[in-house]
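Q: As given, the protein sequences belong to chains Y and H, one line each in that order. Mapping the first sequence onto numbering that gives the first Met the number 0, position 107 (from 1) lands on 106, and the numbers just tick up by one. Mapping the second sequence onto numbering that gives the first Met the number 0, position 13 (from 1) lands on 12, and the numbers just tick up by one.
A couple of the hints might just be wrong.
So, partial list: chain H residues that the calculated Cβ filter (under 10 Å) puts toward chain Y [what the hints assert, rightly or not]: (1) 132; (2) 260; (3) 269.
Don't read these hints as lab results, they were simulated from the structure. Since this is a predicted model, take the numbers as computed values, not measurements. Every residue, glycine too, gets a C-beta built ideally from N, C-alpha and C.
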Amino acid sequence: MRILVIEDEKKVATFIKKGLEEEHYAVDTAYDGEEGLYLAESNEYDLIVLDLMLPKIEGLEVLKRIRGKKNATPVLVLTAKNTVEDIVKGLDAGCDDYLTKPFAFVEFLARIRALLRRENKEKEPLLQIADLTLSLVTHKVTRQEKEIELTSKEYALLEYFMRNPDKVLTRTMISEHVWDYHFDSMTNVIDVYVNYLRKKIDKDFEPKLIHTLRGIGYMMKRA
Amino acid sequence: MIFQSLRFKLTVWYVLILAVLLVSFSSFLYFTLSNMLYRSVDNKLRSLAGLIASESSSPLSTFGFGDMEQPLGASTNLKPIGKFIQVLDESGRIGQKSDNLKNVQLPISLNTLRNASNGLITFETSRSFGNTPLRIVTLPVIEGNQISRIVQVASSLEDVEDALHNLFVILLITVPSALVLASLGGQFLANKALKPVDDITQTAHRITSQNLNQRIKLLKGRDEISRLIETFNEMISRLDKSFQQIKQFSSDASHELKTPLTILRGEVEVALRKERAVQEYEQILRSNLEEINRMSTIVEDLLLLSKTDMDAVPLHRGPVHLTEILHDVVGQVGILAQAKQIHLQTVNSDGDITVLGDDLRLRQLLLNLIENGIKYTPEKGSVSVSLRKEVNAVRAAGEHAGFVKIIVSDTGIGIDKKDQEKIFDRFYRVDKARSREQGGSGLGLSISKWIAEAHQGDISVESELEKGSTFIVKLPMAVF
Chain Y
0 MRILVIEDEK KVATFIKKGL EEEHYAVDTA YDGEEGLYLA ESNEYDLIVL DLMLPKIEGL
60 EVLKRIRGKK NATPVLVLTA KNTVEDIVKG LDAGCDDYLT KPFAFVEFLA RIRALLRREN
120 KEKEPLLQIA DLTLSLVTHK VTRQEKEIEL TSKEYALLEY FMRNPDKVLT RTMISEHVWD
180 YHFDSMTNVI DVYVNYLRKK IDKDFEPKLI HTLRGIGYMM KRA
Chain H
0 MIFQSLRFKL TVWYVLILAV LLVSFSSFLY FTLSNMLYRS VDNKLRSLAG LIASESSSPL
60 STFGFGDMEQ PLGASTNLKP IGKFIQVLDE SGRIGQKSDN LKNVQLPISL NTLRNASNGL
120 ITFETSRSFG NTPLRIVTLP VIEGNQISRI VQVASSLEDV EDALHNLFVI LLITVPSALV
180 LASLGGQFLA NKALKPVDDI TQTAHRITSQ NLNQRIKLLK GRDEISRLIE TFNEMISRLD
240 KSFQQIKQFS SDASHELKTP LTILRGEVEV ALRKERAVQE YEQILRSNLE EINRMSTIVE
300 DLLLLSKTDM DAVPLHRGPV HLTEILHDVV GQVGILAQAK QIHLQTVNSD GDITVLGDDL
360 RLRQLLLNLI ENGIKYTPEK GSVSVSLRKE VNAVRAAGEH AGFVKIIVSD TGIGIDKKDQ
420 EKIFDRFYRV DKARSREQGG SGLGLSISKW IAEAHQGDIS VESELEKGST FIVKLPMAVF
């Protein structure tokens, strides 16, 4: 899951990025409204974390412009403004959730999970394909009730596959949702990681879940 | 409640005063009138009696005992209608009588007879003469040291008493009704006059810190009440303004403190999610310390400013050698300038400059301005501080001898025109991110402004974007 953090306070942006990456999210950061808007418009994010008091372009304006482009990416507004009017203004401008600073990091993570879940119309914080399960909260992955240890990138890759079963996922799509802005999608890193993942979840089990579509990409099949 | 209301008290006082006035006036009228009427009756009786006495002292034959109107009318042209007349001899036997006393006689008491024999006139009121009260005068006629006759003249008091009785009844009815009307009128007037006071009370009741935009409706005219309303409205305006300021200030202050708090909490929480290398912990602690220092600065500056708001920061005035403290401050911040390879120079052509002020605060002022200059000037730029005297050539009484100017110029990023007037406001930041990176509390220039103004001086800025800024502090020159 790829997340864009637009926050002008560098230290805040840094610890958010660090904390989210440790939760297997791919994170891009922008330090002002202009940069944030550019990134939001040129990449596909699963979620945007937005501060309201931003230099160059105000947070609410960034939000309005994102929504103006029919971009329905969930937006979590993060701000020190905590009056009722501020919250109403933010929600009316099109944000999906609101968290005031200073915040508890676990709450921040829970809200992000909730927003992503809402996006996928899932109610369970548990993804399941055949006998493979992935817990979004504990990050535990099991197949046939055996626990599988994954690295951070492998986990992120598997989560993306499991959120989009029976869909063709091109290398570009995978790079956009699993890796951050600095990743060069022309390398064969994706193939390498898909192979790592296959070894862990498919090699010792039947049926095989990850399928290669030659020249196109990959697909995870339900059965 | 109603008995304590001003309206009630006003009405009561009004009615009370009117009652005292009306009752005294009525009593005065009644008694004066009755007095006058009785005296007039007495006077008439006395003069008639005198006349009869003098007439009857002429040859006795003219006044035989019996009908006496005829001769009286003939000799004096007098027709004593309604008067009763009788003449007695000295022993009290009745002689002549007027016609209207045909079968009766005027009463005469022993006392009156004794008085008469002693030569004294007696006036008396008798109620024993039928139904009518009579006023009787008894006049002894003295001839040659001896009382020859006694003349009695009487008149009915019925008319007088009727008139007085009527007057009494009229007063008894009109005075209380006048008072009732007056109390109604008084209440109406008091209501009318106090209506605006009620309005003020109601508005004042409605006003809380949430709706200080309410005002009392102004009345036409310029009476005491309109002045009260105006004063009241002005007071609400002032309250409103200061509430707004406090609101803005506390929201700014909490916002300023929230950023370091967010960083502290976030960094620590993320760090604690798993075990980390020692270097990482160290880095986090160092970053935390930075935020804690920032918070301390903000809190200290805030405390100072809130104290200045209450005029609770005393200035320890004394002669301050600006040249010296400038030298000290430049020494202090030299290391900052060196780190950015900024050329920091001082220009002082006017020799030793001394002002009357607080040494510590003036140091703080210089430090703030020079530090700001270094912060907002890119590497290899320059910051210059000059001290200048400006002597007032022509000085009016009470004016300063002149000004000392402290001019801090940099070749930094400059300040946009629209921001220039706001930079002295609390927490106003042209570039929030940059200011925080430089470790500012957002209050430095507010404090500098306060210091300049507390010394009866002022502070101003001239600036052009990308060229640099010049801060000018003017302090009154000390007279020694």
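Q: Could you run down the list of hints and mark each one as holding or not?
A: Evaluated hints:
no., hint, in the structure
1, 132, "94 Å, violated"
2, 260, "4 Å, holds"
3, 269, "4 Å, holds"
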